[in-house]
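2 protein chains.
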Amino acid sequence: MTPDLTALADIRTLAGSLPKPDDASIEAARARQDQLTKPPGSLGKLEEIALFMAGWQRTERPKIDRAQALVFAGNHGICARGVNPFPQAVTAQMVANFEAGGAAINQLCRANGADLTVIPLDLDRPTQDFTQAPAMTEAETLAAIRTGAEAVDENADILLLGEMGIGNSTIAAALACAAFGGAPSDWVGAGTGSDEAGMALKAKVIADGIARHGTADPLMTLANLGGREQAAICGAVLAARLARVPVLLDGYICTAAVAPLYAEDPTLLDHCLVGHASAEPGHARLTLAMHKPPVLDFAMRLGEGTGAALALGIVRGALACHNGMATFAEAGVAGG
Amino acid sequence: MTPDLTALADIRTLAGSLPKPDDASIEAARARQDQLTKPPGSLGKLEEIALFMAGWQRTERPKIDRAQALVFAGNHGICARGVNPFPQAVTAQMVANFEAGGAAINQLCRANGADLTVIPLDLDRPTQDFTQAPAMTEAETLAAIRTGAEAVDENADILLLGEMGIGNSTIAAALACAAFGGAPSDWVGAGTGSDEAGMALKAKVIADGIARHGTADPLMTLANLGGREQAAICGAVLAARLARVPVLLDGYICTAAVAPLYAEDPTLLDHCLVGHASAEPGHARLTLAMHKPPVLDFAMRLGEGTGAALALGIVRGALACHNGMATFAEAGVAGG
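Sequence order for the protein chains is A and B.
Per this note's numbering, residue 652 is the first one in the first sequence, and the count goes up by one each step.
Per this note's numbering, residue 652 is the first one in the second sequence, and the count goes up by one each step.
I should point out that these hints are in silico values taken from the structure, not numbers from a laboratory.
Computed from a predicted model, the values in this text were never measured in an experiment.
Note that beta-carbon positions come from the ideal geometry of N, C-alpha and C, so glycine has one too.
You may find that some hints are simply not true.
A short, non-exhaustive set of chain A residues, derived as facing chain B with CB atoms under 7 Å [claimed, not checked]:
1) 652
2) 656
3) 693
4) 694
5) 743
6) 758
7) 759
8) 831
9) 844
10) 930
11) 961
12) 967
13) 972
Label-pair distances were calculated between CB atoms; the ranges are [unchecked claim]:
14) A/714 / B/775: 34 to 44 Å
15) A/733 / B/916: 20 to 30 Å
16) A/714 / B/858: 45 to 55 Å
The calculated DMTMM-like cross-link candidates involving lysine to aspartate or glutamate, where the alpha carbons are at most 20 Å apart (straight line), are [as the list claims (entries may be wrong)]:
17) A/943 / B/948
18) A/671 / A/661
19) A/696 / A/859
20) A/714 / A/750
21) A/696 / B/948
22) A/714 / A/674
23) A/696 / A/678
24) A/714 / A/699
25) B/943 / A/948
26) B/671 / B/921
27) B/696 / A/948
28) A/671 / A/685
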């Protein structure tokens, strides 16, 4: 369900009218959990995940028949400042690798049963260097949001989001810093392979970008400092919400991509879980600030949606227990 | 491969001659990882897991075609002391639930592709109350070890271990306390549902058991304080090692079951990973003492092998990436 946006400020209006989780379904699911053959609460976070899914799917028995994975790719003008040791051509090369089935995300989608679609966004037309100009015009940002939104299958039972884009760990740090403050260096990590000098450069570039554009309007910050894949991720998150599809975000880049939405209104992300804790040092700070404890923590820092795809297996396990277990009465076990 | 044991002390002799991981396979697997289309190390712990599997399977390309899950069940004389709010009959009821496919472990084995076998051990003949006598004779302990060992499929690619036994969180705390010292209360948690008074009673009972039997001989401690499912888990771990089958242990009960082996010789467990961090408070202390950081942490405390079965999905994901990803050269991606 593509949101009807003619300006970024329309997201502000949209926020008040979005679907909420269904409390009756959550209560019914909780009542079911209390009857399953296990000590109460002994499946820990698996039980919380099942309730989360119940609320968004509006049913006591949430399921995953169709898991959709979307990976958005973009290129960034900020690379002109030397923030990444790899050439921007790698973005398109990795898109080809995704399409040929050779990347990590292909293997993890296959292993965990997700249908992967890769969407490159104008790779031959990088955004502007945000130290010199807004990264994107409002119209370009809205176009990328629309592309992301239109890619969402409204009938999916869960949506996984990932990204690829040389230079986008700098974009992530800029968006996180703009949304939550602190020094740029608080949000900067090695990314694909920056050394100390490279990280210092990233921090300097972010400081210049924030000084130029300010941070007063979180939604305009997405245009000023973001990239097309970040805007597309925001669009997919909004479209999923309108269709009540729960979302697994990936790691640092993906979480930072939706930081402008959080800064605008935290409830915009109520239907989103963060799939894993990235090894990028800014991610722990970011997930704490956004009250989104990651599902997994394997010190991964690859992006592509790999942490979300791995977390899908956990959600599947949670629902397998929730739906498949016998109740005390059914099993003739004492203690219910 | 059933170890040839005529006395518990034979495990001491066995320890020196066990298979070790194959360094050449690990190095070949590492060299492969360095060529895959990702920044070096960016799959974090997934890469470590793939190397672990490579070493034990003695191949650059470890696989999981057959995952075997074994759940051992036993009853405990210590229940006569009132350490558990549920009757011992629940152990057999839960075994029936496993056999009917209604328990959490059934769902998680199905979701993650493991073949489950449940092995009840003389449920109508509980062990002795260890405050009054050794829980098991040496012969009974060896018999349970043999049952566990014989259940292992030497052709499995990975073995998952779990347990069921009313009262066995007290057994776990006793074995952990005997192996690693500290106060009994350091190792005691709520188990299936003990309150404060119940936990104090558990600690008292453990102190009595340790005072009676001492802890000088770790292997005799397994007989003195353990149970049949704990001995069977030790037997399965040893048999898996002889067949070079890597093992996923479950949570607190399972890790504590092999604490006597660790106390005898830590290398006995080199082929074992701990699947998840249990919410039982003693487990964090135990995995730290045994240098076995758990794969997952979902605040689960159900046992049955549920944490091991959930971790199997992560191991599958690690191997899917390791085997399925394209190299830089294959994909035509710069940066290799």
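Hints, one by one, checked against the model:
no., hint, result
1, 652, "30 Å, violated"
2, 656, "35 Å, violated"
3, 693, "4 Å, holds"
4, 694, "6 Å, holds"
5, 743, "10 Å, violated"
6, 758, "4 Å, holds"
7, 759, "5 Å, holds"
8, 831, "25 Å, violated"
9, 844, "6 Å, holds"
10, 930, "6 Å, holds"
11, 961, "5 Å, holds"
12, 967, "6 Å, holds"
13, 972, "5 Å, holds"
14, A/714 / B/775: 34 to 44 Å, "40 Å, holds"
15, A/733 / B/916: 20 to 30 Å, "54 Å, violated"
16, A/714 / B/858: 45 to 55 Å, "49 Å, holds"
17, A/943 / B/948, "16 Å, holds"
18, A/671 / A/661, "19 Å, holds"
19, A/696 / A/859, "41 Å, violated"
20, A/714 / A/750, "28 Å, violated"
21, A/696 / B/948, "9 Å, holds"
22, A/714 / A/674, "17 Å, holds"
23, A/696 / A/678, "16 Å, holds"
24, A/714 / A/699, "15 Å, holds"
25, B/943 / A/948, "16 Å, holds"
26, B/671 / B/921, "8 Å, holds"
27, B/696 / A/948, "9 Å, holds"
28, A/671 / A/685, "24 Å, violated"
The structure is inconsistent with the numbered hints 1, 2, 5, 8, 15, 19, 20, 28, although it conforms to all the rest.
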